[in-house]
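Once you have looked at the hints, place chain L on chain Z.
So the chains spell out like this:
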Amino acid sequence: MATTSPTETEFGEVSRIKGIVFKYVSFVASIVGILALGALLAYVFWDALGLESAGTGWYLAYTGTLLVPLLAFFAYARTRPAVVAGAFELFSMTLAGVLLTGAGVIILSIIASPEVWFAYFLTVVGPIVGLYVYGQYDRKATWVGLAMLGVLLLGPVVGTLGLGVLTTIGALLGSPGVYFLSLVVPAAAVAAYLSTERLDFSRRRSLGIGVGLPVLAIAAVPLVDTVPAISRSVWLIGLVLFGLPVGFTVANTARTRDRWPAFAFPAILVLGFLAGEAVVTTIGATAPTPWLDWQYVTSGPSQTAAEAGLYPAIIGSIFLIVLVSVFTFVFGVGAAIYLEEYAPGSGPLAAITRIIKVNISNLAGVPSVVYGLLGLGIFVNIESQLGPFTYAGFGVGTVLTAAMTLSLLILPIVIISAQEAIRSVPDSLRQASYGMGATRWQTIRNVVLPRSLPGILTGTILALGRAIGETAPLIMIGAATTKFSPPSGLFGKLTAMPMQIFAWAFEPSDEFRYGVVAAGVVTLLIVMLTMNSVAILVRNKYQQEAN
Amino acid sequence: MTSQDMASDTDVETDDDSLVTTDPGKGGLDENGERGSVGQTSAGTVIESRDLDVFYGETQALQNIDLAIPENQVTAMIGPSGCGKSTFLRCINRMNDLIDIARVEGELTFKGKNVYDTDVDPVALRRRIGMVFQHPNPFPKSIYDNVAYGLRIQDKTDNIDEVVEQSLKKAALWDEVKDRLDESALDLSGGQQQRLCIARAIAVDPEVVLMDEPASALDPIATSQIEDLIEDLATEYTVVIVTHNMQQAARISDKTAVFLTGGELVEFDDTDKIFENPDSQRVEDYITGKFG
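Protein chains in written order, with my numbering: chain Z, 4 to 550; chain L, 1062 to 1353.
Same shape as in the complex, but just chain Z (with noise of 0.2 angstroms):
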């Protein structure tokens, strides 16, 4: 020991052969996954958009004019996070505002019939939110939530009773009226509070937001019967549920100057197609031969592949995203706010409390098949005898059946994050909440769901993605494969995009195999994205707000 040198004993390399053999292998781990998917979806648009039958020009024409803007832009904002963070807020705010017209359009104008969204509009609707303002206004006034309560309760009630009154009054209206009264007058108002308090903007610009809006509502409408594609209602609702937010958007980027370029982002995109269409037609190029393209979206299946289209059943899919998230949230945040915040620790509650809490990580891991099992046994063919009532399922493939069923696979999922999420929630803050007197409710209600929310809605999100892509729950169920038309309602029987991609699958022409299942994959995934920048938005906006 004492004889040997010191340097070359104690401080030569030490081995790390292992170390950098486990990270390579890591390395290429995570690499192959990605690489294999993206090779896939490539190969997917390329067969969806048709791009092998476009000419040079047209591929020079659009890189010229779209693809090195673009390219440009990315790399002037690249260090400039509020330019990003601005062009994401308004390009994932439009998706979204596409996202909730359309759920809009479903909700109010097929689901619920104009008339009757207008009763149930004056009984319960309007009453709650007429209510939660004068809360807001009025904060000492503790009795608005019970009136809130009550009209929950006793409106529908009011509602169903009324109905045949309030359905001759609302068709008297016609349906463009009933919207007009139910959604864009309460907008105005919500669009002139927003701007004076969110925005800055003075007394007067804001007043005069509050009655243009309802102005232009009513102004465009000549200019909108000359498209026929959108027809009074959808304007309407699409002015609101689109036009609202993106315009809220819009104005609070404009509102920061260093936010500024980030209109550069949606022109360049509209400006480069619109270019990019222009060089084409003048240099008579090729154009590719999309299988995706507007017809494919606006029309049913059909034999011929050339006019088949996918429209029931992203109508169907809508449907479904709908009334899933409505479900699992409800029930999801539900479950695990008990489990987290009000299930005993000690007792023998808390015996049952942790059976279930382990049982629900092991439902996540079933099957979604033994789902659509569980779905077809109670939503479809259970026949039971309570009383007067009688239950017999919601019926074979309707849209309900299947909302359920699907609700029920990824519910477990939505526990577990939500669960996760109220966890991180840092203890201290609740100490320090009921330190102060809080009760349990105003505790979770003020400290504990704020701060959890982003990891609720992204957990939510993701396994809403999950539900929209499944297809075996809904064979199980007996959803139809094919369907011509889109779900009348609730009751209405259903295909979804999935579904109807599966049975393309099967068709024996290549056009169909390659063109038309790549277009409805295509389809899917930008539904799937749309709903995930979505989740992003408002995680984000709520990240800010707990920061």
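Just so you know, the hints here were simulated from the structure itself, not pulled from any lab data. Computed from a predicted structure; not experimentally measured. There may be inaccurate statements among the hints.
[What the hints assert, rightly or not] Footprint (simulated), chain L over chain Z, 3 or more residues, beta carbon under 8 angstroms: (1) 344-357; (2) 434-446.
[What the hints assert, rightly or not] Ranges of calculated distance between the beta carbons of each label pair, as one might list FRET restraints: (3) Z:172 / L:1220: 38 to 48 angstroms; (4) Z:543 / L:1220: 27 to 37 angstroms; (5) Z:384 / L:1196: 53 to 63 angstroms; (6) L:1196 / Z:28: 40 to 50 angstroms; (7) Z:139 / L:1220: 15 to 25 angstroms; (8) Z:160 / L:1189: 36 to 46 angstroms.
[Stated by the list, open to error] Computed list of chain Z residues with no C-beta within reach of chain L, every gap over 12 angstroms: (9) 82; (10) 170; (11) 534.
All C-beta atoms in this analysis are idealised placements derived from N, C-alpha and C, irrespective of residue type, glycine included.
Same frame as chain Z, now just chain L:
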């Protein structure tokens, strides 16, 4: 506004309207007899414990604690880690209820009412007994909303602006934050956050403020600001403070309780007496650093 001598030594309060008047001296009877001399001044007693035992599962955290905390004074609790001083503090406003395995036996009265009676709502109790924690724990909200939190949840929504300002002034924080009330409380420094937590606790005008090592996570300057503040608070509130720092207890408290390992209260008396001439040899050893 750091008038540090305003409230320090001679805070001989007159007995007012109070409370149970069981002689706090009787606390010395049971057990080893060593404990003895529960202090007595002219101030009224706000909080009094008799034979208080606390268990966490099978472990006993506090044994037969008899203690009488005088009104509008600063009572310090010192002792080595794990001696149960924080546990005692958290018994006062029933924060231990939040720990499933915690079990309390014996009696702890606040203004003569046993807080562990079945008809006492811990939420109502905590509205009268505020608490400041070891680590600053402001809510991830604006400075204003933090202070207004208690007012809102307790429906004390008259003049919120005014009360927020007054509380921040009392917590000696107003001058530093008055121009940025709607900025996030998390942007404040640690010392400012802790003063914010104190402002938040006193905004709802509690009768007692419990502080669990409020300065232990802070640097010396922030610590001295908090100490000044505590002395000021004692003019209006009864303050009970747990601390590891014996100098701090000597500087700011009127009464000191010494807890030693095993959850026993060894001695409780005027701070001067504890630090100059304690009855118990163990306390003397602890204070002089022979035993920790």
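Taking the hints in turn, this is what the structure says about them:
no.	hint	result
1	344-357	holds (count 4)
2	434-446	holds (count 10)
3	Z:172 / L:1220: 38 to 48 angstroms	46 angstroms, holds
4	Z:543 / L:1220: 27 to 37 angstroms	36 angstroms, holds
5	Z:384 / L:1196: 53 to 63 angstroms	57 angstroms, holds
6	L:1196 / Z:28: 40 to 50 angstroms	41 angstroms, holds
7	Z:139 / L:1220: 15 to 25 angstroms	19 angstroms, holds
8	Z:160 / L:1189: 36 to 46 angstroms	43 angstroms, holds
9	82	25 angstroms, holds
10	170	41 angstroms, holds
11	534	27 angstroms, holds
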